[in-house]
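K.L.:
Just so you know, the sequences run in chain order A and B.
The numbers in the first sequence follow my numbering, run straight up by one, and end at 300.
The numbers in the second sequence follow my numbering, run straight up by one, and end at 1443.
FYI, nobody ran anything at the bench for these hints, they're computed from the structure.
One or more of the hints may lead you astray.
Coverage of chain B stretches by chain A, computed from C-beta distances (three or more under 8 Å per stretch; other residues unrestricted) [as the list claims (entries may be wrong)]: (1) 1195-1201; (2) 1322-1334; (3) 1378-1387; (4) 1396-1408.
Beta carbons are placed, not taken as given, at the ideal position from N, Cα and C, and that holds for glycine.
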Amino acid sequence: MERAASGITRKFVLLAIGRLPEELGRSWFDKCFRGLDRPLRMAFRRRPGISGLQGATAARAQYKTLGEDVAKVRTEQMTEQLATFKKSLEDFAQKYKNDIKKQPAFRAQFHEMCAKCGVDPLASNKGFWAELLGIGDFYYELGVQIVEACLATRPHNGGLIDLQDLRALVAKKRRTAKEPVTEDDCIRAIGKLKALGSGFEIFTVGSRRLVRSVPTELNRDHNEILEMAQGKGFVTAAEVQAQKGWPPGRVEDALETLLREGLAMIDDGDPDGQRRFWFPCSSGDGNLSIEGQLGEGPIR
Amino acid sequence: MLLLEAQLSESGRPILQPGEIECQLIDSTDIDLEQETKPPYWNPLLGGIVSLTTHRIIWIERTRKKEPVQSRAFAIPHPAVHALEPPKKGGLKSLFGKQAVKLRIVVGIRKDGALATRDAASAVRVVMVFRNLDSNSDAFVTRFQEVLEAKAWTVIPPTSALPGRAHPGSEPSFSGRQDGSQPSRAFTTAHAGVSGILKREEAQAKQADETLQEAFGDLNALMSKAKDMVALAERIRMRLAGSSGGTGGGTDEGEGSRQEMQDLLLSVGIASPVTRENAGALYHQQLSRQLSDFVGPLLVKSNGMMALVDVYCFFNRARGTELISPDDLLQACRLWERVNAPVRLRRFESGVLIVQARGHSDEAIFAQLAQLVKTPDGTHFGISASDAARALGLPPALAKEELLAAEYRGLLCRDDGADGLRFYHNFFLELDSLQEAAAGQQQ
Chain A
1 MERAASGITR KFVLLAIGRL PEELGRSWFD KCFRGLDRPL RMAFRRRPGI SGLQGATAAR
61 AQYKTLGEDV AKVRTEQMTE QLATFKKSLE DFAQKYKNDI KKQPAFRAQF HEMCAKCGVD
121 PLASNKGFWA ELLGIGDFYY ELGVQIVEAC LATRPHNGGL IDLQDLRALV AKKRRTAKEP
181 VTEDDCIRAI GKLKALGSGF EIFTVGSRRL VRSVPTELNR DHNEILEMAQ GKGFVTAAEV
241 QAQKGWPPGR VEDALETLLR EGLAMIDDGD PDGQRRFWFP CSSGDGNLSI EGQLGEGPIR
Chain B
1001 MLLLEAQLSE SGRPILQPGE IECQLIDSTD IDLEQETKPP YWNPLLGGIV SLTTHRIIWI
1061 ERTRKKEPVQ SRAFAIPHPA VHALEPPKKG GLKSLFGKQA VKLRIVVGIR KDGALATRDA
1121 ASAVRVVMVF RNLDSNSDAF VTRFQEVLEA KAWTVIPPTS ALPGRAHPGS EPSFSGRQDG
1181 SQPSRAFTTA HAGVSGILKR EEAQAKQADE TLQEAFGDLN ALMSKAKDMV ALAERIRMRL
1241 AGSSGGTGGG TDEGEGSRQE MQDLLLSVGI ASPVTRENAG ALYHQQLSRQ LSDFVGPLLV
1301 KSNGMMALVD VYCFFNRARG TELISPDDLL QACRLWERVN APVRLRRFES GVLIVQARGH
1361 SDEAIFAQLA QLVKTPDGTH FGISASDAAR ALGLPPALAK EELLAAEYRG LLCRDDGADG
1421 LRFYHNFFLE LDSLQEAAAG QQQ
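Input sequences plus hints: build the corresponding full structure.
P.N.:
Spelled out as structure tokens, the structure:
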């Protein structure tokens, strides 16, 4: 009983003083409550019986609601402050861009603030010249944001993203910028990345435009498909999609690439009408390994 | 040596202390003592790069291309600087063509002849000679004076050793009320109990509001309060991160992964990005070094290989507002070989550019491939790109690149048949050596 009660009280107080660092809070708590605990214990001792228990329960509940209220109000306040902070930072990033650049020491601090509040310091306006000639920071900034969005979503989509979705992600990130980001802007920004090699590109699948951010050389989807084809020697698009749960564009792109690389062959002649992708070059039973296990060899 | 040794990174960039920020770079600079009889341990420092930071002035030896030896670096900490004697302008000499500009720095030394950051026994003049006449030495001197006035080294950076690791809602140092790490206030009943906690909460929220309003009045106000604001931002972030985990409301998945990205980038932020303004003619070379230092740890996390586009994004994000263009990035990568960087740029047949650790050599992969073609299956049927991909755990397209590279080296031989391109062990090399051996025996 005593233990439970002091446990609850302790929990409440820890909740309320949550803003203290944990170790600090704990030592502080212990210091104060070594004193408070004793009277509490005495109180329980003095009031045995049902009424005592009920009273303790009620008190406990009250403490708890109070604690929750405090925490809630505080979180709300913080959220509000963060919003103000963000807004001001965004304004400053735009208004004083060049002044900030000139002060190395302050620039570092400004970046830190932006990063901590989740503000994107890249928010140049497109402006007339950028629109007309494609010069200025706008398209470069957009390029960085586009790559970033691709990187962030890569675990979910394997480096393939619909241009529309990409635009939406980037636009959300740039919400302060006055002009909206269009798909055309995205295409131009991606065009600026050409110098960095050909891995990053836009291509069309059906009526959709997809952006590929992983170059073929680093794409592990192909490995997974090869792995799937181990047993039978072939896969179909539907099989891959069912087994891996990839979005349709991703499956097609991977199979197309394997075809183009000369690793797969198409067979449309199957009675079920599904196109099969054969992998004749892989030694069917997969016994080829560095350890050099003996095997029967591929069936040809 | 009178000057202090300074640490350099692997690529030859100065390693800065916490809170230290690089302000200006200038090349072809000598540092010498201005006195007739120089102490025996003194060697003049010739033709190096000088980096002016908020805390020190660092002279870096010029790297020689042929020697992979780490260059040396020496520093004069700003607290040791007593005065600057800027170059005289408009003298008679300036009429006869340009002269190397000399900047004299008066530094304090101790009795034993070492640099003294305080309680100097005497002072000597160190002279810096800017040999490169095109470099902007005036800007350098001005910047030097500014930095000395700012006295950034007197400020101890708060928790900068472990950014983002600060305790959730640690005592609000931004209020200037308490800077100690322990809550030292005496325990009184006024602070105790529920009402005490509530009161304190309220006061704190109010104070944060006020600070916010003051700081964002104009740019100067924000600059003077920058340190406090960083602390406040950290505090709010930690607090909200903690509470949103409990209530689980508001943040969707996309937001979450973005936050992760943000954290990732925060942890690798570059406080002193090399820019055209601070590096001038040294821009690409220094950028190349900085990039190499930056990419190294990233490569470790991503299996020793990264697409150049990804590097572009990470690097620019770490630089904050100091964006570089794709062309500049490419140029910086191309200089890696010249600056002896531990990373290299690689171009695939397809035109894809990737960054690779130099230690991540093809040799290891070639050895594996050579082993693979000697297995029973490999000898009979050869290996295809997909075989190699599975055996080595590489993406097929990359495996194909490696096979082609191994073929180019003469390790493998191709058979371009009906069932695709397959590779076999190259016996021709051994034939040659057999013939040579036979010829040797005959003689």
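K.L.:
Determine for every hint whether it applies to the structure shown.
P.N.:
Structure-based check of each hint:
no.: 1; hint: 1195-1201; verdict: holds (count 3)
no.: 2; hint: 1322-1334; verdict: holds (count 7)
no.: 3; hint: 1378-1387; verdict: holds (count 8)
no.: 4; hint: 1396-1408; verdict: holds (count 5)
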